[in-house]
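Peer 1: Sequences listed follow chains B and U, in order. Numbering follows the working numbering, in which position 200 of the first sequence is assigned residue number 200; successive positions increment by one, without gaps. Counting from 1 along the second sequence, just add 236 to a position and that's the residue number in the working numbering.
Hints are not guaranteed to be accurate.
Said to hold, decoys possible - Label pairs and their in silico Cβ distance ranges:
no., chain 1, residue 1, chain 2, residue 2, range
1, U, P539, B, R89, 44 to 54 Å
2, B, R118, U, A599, 43 to 53 Å
3, B, G104, U, Q255, 40 to 50 Å
4, U, V783, B, G38, 36 to 46 Å
5, U, L261, B, L165, 38 to 48 Å
6, U, L643, B, G130, 49 to 59 Å
7, U, A599, B, A231, 50 to 60 Å
8, U, A499, B, R118, 52 to 62 Å
9, U, I608, B, V15, 40 to 50 Å
10, U, V553, B, R89, 36 to 46 Å
11, B, E217, U, Y679, 51 to 61 Å
12, B, E117, U, R254, 49 to 59 Å
13, B, D179, U, L604, 45 to 55 Å
14, U, P683, B, L165, 39 to 49 Å
Claimed, not checked - Negatives, chain B to chain U, calculated, CB over 12 Å:
no., residue
15, G56
16, G63
17, R68
In short, the hints are calculated from the structure, not lab data. Think of the CB as a built atom: it goes at the ideal place given N, C-alpha and C, for glycine as much as any other residue.
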Amino acid sequence: MIEVDGLTKVFPGPVTAVDGVSFRADRGEVFGLLGANGAGKTTTLRMLVTLLAPDGGTARVNGHDVVREPEAVRRSIGFLSVTTGLYERLTARELLVSFGQLQGLPDARARAERLIERFGIGPFADQRCGRLSTGMKQKVSIARSLVHDPPVLVLDEPTVGLDVLVAQTFLQAVEEARDEGRCVVYSTHIMSEVERLCDRVAIIHEGRIRHAASTAELVAEHGSVEAAFIARVTAC
Amino acid sequence: MLRAVLAVVRHELRLQTRQAQSLLLFLTLAVGAGPLGLVAMDRWMAVTEQSAERSAKTAPIQLSADPPIPSWLVEDDNLEIVPGPVTSDDLLEGGESYGHARIEGDEVVLTRPFAVTRSNMLEGRLVRAVRRSNVDRVKAAVVASGEPWEPPLALRWRRETRDEDARAGEMAGRSLPAMLFFLLLSMAMYAAVDVITKEKEKGTAETLLVVAIDRRALLLGKALVVFGLTALVGATWVLGLAASEGLGVLRVPNLFEGAVFTAANTGVLLMGAVLASLQVSAAALVVAALAPSFRAASILSMPFVIALMAPVGFASVPTVELGPSTLWLPVSNVVLAVRSLMAGELTAGLGAATLGVVVAQTAATLGLAGWILSEVDPFDKGLDAEARRGTGDFGHDAFVLFAVAMLGFWFFGTVMQKADPVLGLIGSLGTLLPLAALLGPVYVGAPLRETLSLRAPSGRDLALGAAMGLTVHGVGLLVAAVMQPFLQTPDAVAQGILDLADTPLPLLLFAGAVMPGVCEELLFRGALLGLLRSRYSIVVSVAVSSVMFGFMHLDLARIVVTAAMGVAFGALVVRTGSIVPGMIAHTLNNALFFGLASAGVASDGLGIGLVVWALCATIATGGLVSLAGRGRPGIRMEEGGRP
Numbered sequence: 001m002i003e004v005d006g007l008t009k010v011f012p013g014p015v016t017a018v019d020g021v022s023f024r025a026d027r028g029e030v031f032g033l034l035g036a037n038g039a040g041k042t043t044t045l046r047m048l049v050t051l052l053a054p055d056g057g058t059a060r061v062n063g064h065d066v067v068r069e070p071e072a073v074r075r076s077i078g079f080l081s082v083t084t085g086l087y088e089r090l091t092a093r094e095l096l097v098s099f100g101q102l103q104g105l106p107d108a109r110a111r112a113e114r115l116i117e118r119f120g121i122g123p124f125a126d127q128r129c130g131r132l133s134t135g136m137k138q139k140v141s142i143a144r145s146l147v148h149d150p151p152v153l154v155l156d157e158p159t160v161g162l163d164v165l166v167a168q169t170f171l172q173a174v175e176e177a178r179d180e181g182r183c184v185v186y187s188t189h190i191m192s193e194v195e196r197l198c199d200r201v202a203i204i205h206e207g208r209i210r211h212a213a214s215t216a217e218l219v220a221e222h223g224s225v226e227a228a229f230i231a232r233v234t235a236c
Numbered sequence: 237m238l239r240a241v242l243a244v245v246r247h248e249l250r251l252q253t254r255q256a257q258s259l260l261l262f263l264t265l266a267v268g269a270g271p272l273g274l275v276a277m278d279r280w281m282a283v284t285e286q287s288a289e290r291s292a293k294t295a296p297i298q299l300s301a302d303p304p305i306p307s308w309l310v311e312d313d314n315l316e317i318v319p320g321p322v323t324s325d326d327l328l329e330g331g332e333s334y335g336h337a338r339i340e341g342d343e344v345v346l347t348r349p350f351a352v353t354r355s356n357m358l359e360g361r362l363v364r365a366v367r368r369s370n371v372d373r374v375k376a377a378v379v380a381s382g383e384p385w386e387p388p389l390a391l392r393w394r395r396e397t398r399d400e401d402a403r404a405g406e407m408a409g410r411s412l413p414a415m416l417f418f419l420l421l422s423m424a425m426y427a428a429v430d431v432i433t434k435e436k437e438k439g440t441a442e443t444l445l446v447v448a449i450d451r452r453a454l455l456l457g458k459a460l461v462v463f464g465l466t467a468l469v470g471a472t473w474v475l476g477l478a479a480s481e482g483l484g485v486l487r488v489p490n491l492f493e494g495a496v497f498t499a500a501n502t503g504v505l506l507m508g509a510v511l512a513s514l515q516v517s518a519a520a521l522v523v524a525a526l527a528p529s530f531r532a533a534s535i536l537s538m539p540f541v542i543a544l545m546a547p548v549g550f551a552s553v554p555t556v557e558l559g560p561s562t563l564w565l566p567v568s569n570v571v572l573a574v575r576s577l578m579a580g581e582l583t584a585g586l587g588a589a590t591l592g593v594v595v596a597q598t599a600a601t602l603g604l605a606g607w608i609l610s611e612v613d614p615f616d617k618g619l620d621a622e623a624r625r626g627t628g629d630f631g632h633d634a635f636v637l638f639a640v641a642m643l644g645f646w647f648f649g650t651v652m653q654k655a656d657p658v659l660g661l662i663g664s665l666g667t668l669l670p671l672a673a674l675l676g677p678v679y680v681g682a683p684l685r686e687t688l689s690l691r692a693p694s695g696r697d698l699a700l701g702a703a704m705g706l707t708v709h710g711v712g713l714l715v716a717a718v719m720q721p722f723l724q725t726p727d728a729v730a731q732g733i734l735d736l737a738d739t740p741l742p743l744l745l746f747a748g749a750v751m752p753g754v755c756e757e758l759l760f761r762g763a764l765l766g767l768l769r770s771r772y773s774i775v776v777s778v779a780v781s782s783v784m785f786g787f788m789h790l791d792l793a794r795i796v797v798t799a800a801m802g803v804a805f806g807a808l809v810v811r812t813g814s815i816v817p818g819m820i821a822h823t824l825n826n827a828l829f830f831g832l833a834s835a836g837v838a839s840d841g842l843g844i845g846l847v848v849w850a851l852c853a854t855i856a857t858g859g860l861v862s863l864a865g866r867g868r869p870g871i872r873m874e875e876g877g878r879p
């Protein structure tokens, strides 16, 4: 579903933010990208969702190349990050309808209503997004990322700044997405989330994948994901 | 593609209608700005006329008897003169105060503007007025009139009085496009920043850019909304003016005698507003694409507004017409086309060509915006003010401060000086420039004392300032003498100098030397140089602040000389770490200018003495410069840093 091969990004400076990153993620799987701040997680995912152009390597999402077929890639993905914003002037309902229409859905309103019901947005669906709490916003955000029913979800540190209860609801939604057969790429530096959600994990440090294995293998080898992470990063 | 564009338009309109108060504000402005602007212009003209009347009351001027006629009164066919007393009024004609003239019957009619330069100032007014004229023709005219040809000679000039309707039409041609463009620019910038820059700032760009939609459709949809809103405001402005005139609300006696907003003219102006909206919207999208935040957009918008208003000003010059050469100038072409159409002079071919060029230019500009959006990293916060505050980098803020300060100074300064030349000069220099110099750094959060180089100078620093003042003036006179055949001061500046010439010397020195010396230094070598140095090297900072100083003087002849002076004063601040020596040098330079002029010492008359003066002062200054920084470690600023 996602095939990344030798992906590289060099920013002016020059700073090599991502250096030959390769990984695969499949349908019905949560693939974790684990790394400290500045490790290259966000840049990798931004290339994957066509927000940034790679300087080297290739990436395919749902069979589409991110450089040659960006529109087809975008049709296949739902993207959510800690920095993705909501239009504060629109209500939650208007926002979902608007994005449905932008995605070219013929039944954007009906789709919005289904998502409102599924994520429990109803009580605040007609409030402007600018007045919603962080948890409410995150519910609207994940509904927004699923509005066009994408087979792939790319989530970049989505629980940063959320309180524990809201984060739990969010993680539950990710599990549901996986159970529906979606491929989820999940970047984080929170070890407990990795242990709970991810089937496989790639540890990224200073722009390079240092280790890739299943979560179960990591825990078996080092006792915990955290111990595995520290061991792999300090070994660099 | 069309479906995608329409989806984007619907999305953007949904967003825009959620901030109805902002749109209402713009539409209200559009209705009110036209009539209000015209009333303001009318007041301006009334003040100008009062100023001319006051000048007319000054005493007649006599030509000096010794020497009777300077030797440089050489070939010129355009001047003929009749005898009689000369008053300042004879030398004033709105913005075209001095001119070559031809004789018609018993009147002398000005035919083209005269240039007044630094050295002319030293010769006395009348000599300025007859400079470049043919002395033989002057003499022949006097003799032919039956007057004896012997000094003291008094000459009478008569002003050319233009037809009132032509004057109103010209004023309309100059003022309406400028006001319309300013309004359109404001709206286009506001809308473009909202649909592009704020998306980046608020993080919604990230959300929108991962939507399965063609990027070109995204840009086109946004551009259509910006264009639509801008054109709506422009059309409201034109219709508001037409309605005001139709209802008799608009009564501006100084500007328009007859009806301007006839049905045909209103139609032409509406079309012009639509075309202009296309151009400014595309340009505003380029700025919005470059800016990562609202603050960054505000930094970039100032040079953008100036860059687009300059062609409006150019196209408002009466002698400039639409043709194969001017057709290609963005913005100017629309203004000129509107003027030609209103005058009924635009041919179908030229009209079609203009339309084609405007559409092509808009498409190219939009293409540029698209390219920037695809090339510029949307997550780069390099221009973001909040990010820079922590790093102490205020280099970009210097450009905004300069633009804001100069717009204010040029506009309000001119109004104040029209009301009273001397007090206006003191008032505008004494309030506008220090306010900008103090509020600018405070607003951006730069440390005031360091930025303005507010440090008590040593005695050596003060001596250096005085020596630099002497040097700058001597060298300045030399440069002015060399440049005089090529570049001459335009009338508006000459007018300003003339207005000061009747002032008592102490007041003249205060207005023309002390105030500029203190206040201009505070802004240019204080705030602007200080802000620039937080980002750029010393050489670049001094150079840029000097060019800014040159541009404040608004004419080519003085830009070069004053920019060079700026370098000297800037070096002084860098060398001594204090703003005070620069103030002394600047004050002394200006005082010498006015002092020598009042004493009647002509620069031409200094001859070799001028060269000796410049050389001696330069050597003395060089010696002091080499001493100035010694024995005070830590005072001098380091390269690219703060004191």
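Peer 1: Work down the list of hints and note, for each, if the structure agrees.
Peer 2: Now the hints, each set against the structure:
no., hint, result
1, U/P539 with B/R89: 44 to 54 Å, "30 Å, violated"
2, B/R118 with U/A599: 43 to 53 Å, "44 Å, holds"
3, B/G104 with U/Q255: 40 to 50 Å, "26 Å, violated"
4, U/V783 with B/G38: 36 to 46 Å, "40 Å, holds"
5, U/L261 with B/L165: 38 to 48 Å, "42 Å, holds"
6, U/L643 with B/G130: 49 to 59 Å, "34 Å, violated"
7, U/A599 with B/A231: 50 to 60 Å, "58 Å, holds"
8, U/A499 with B/R118: 52 to 62 Å, "59 Å, holds"
9, U/I608 with B/V15: 40 to 50 Å, "22 Å, violated"
10, U/V553 with B/R89: 36 to 46 Å, "44 Å, holds"
11, B/E217 with U/Y679: 51 to 61 Å, "57 Å, holds"
12, B/E117 with U/R254: 49 to 59 Å, "24 Å, violated"
13, B/D179 with U/L604: 45 to 55 Å, "47 Å, holds"
14, U/P683 with B/L165: 39 to 49 Å, "45 Å, holds"
15, G56, "17 Å, holds"
16, G63, "15 Å, holds"
17, R68, "14 Å, holds"
The structure fails hints 1, 3, 6, 9, 12 (numbered hints given earlier, in ascending order).
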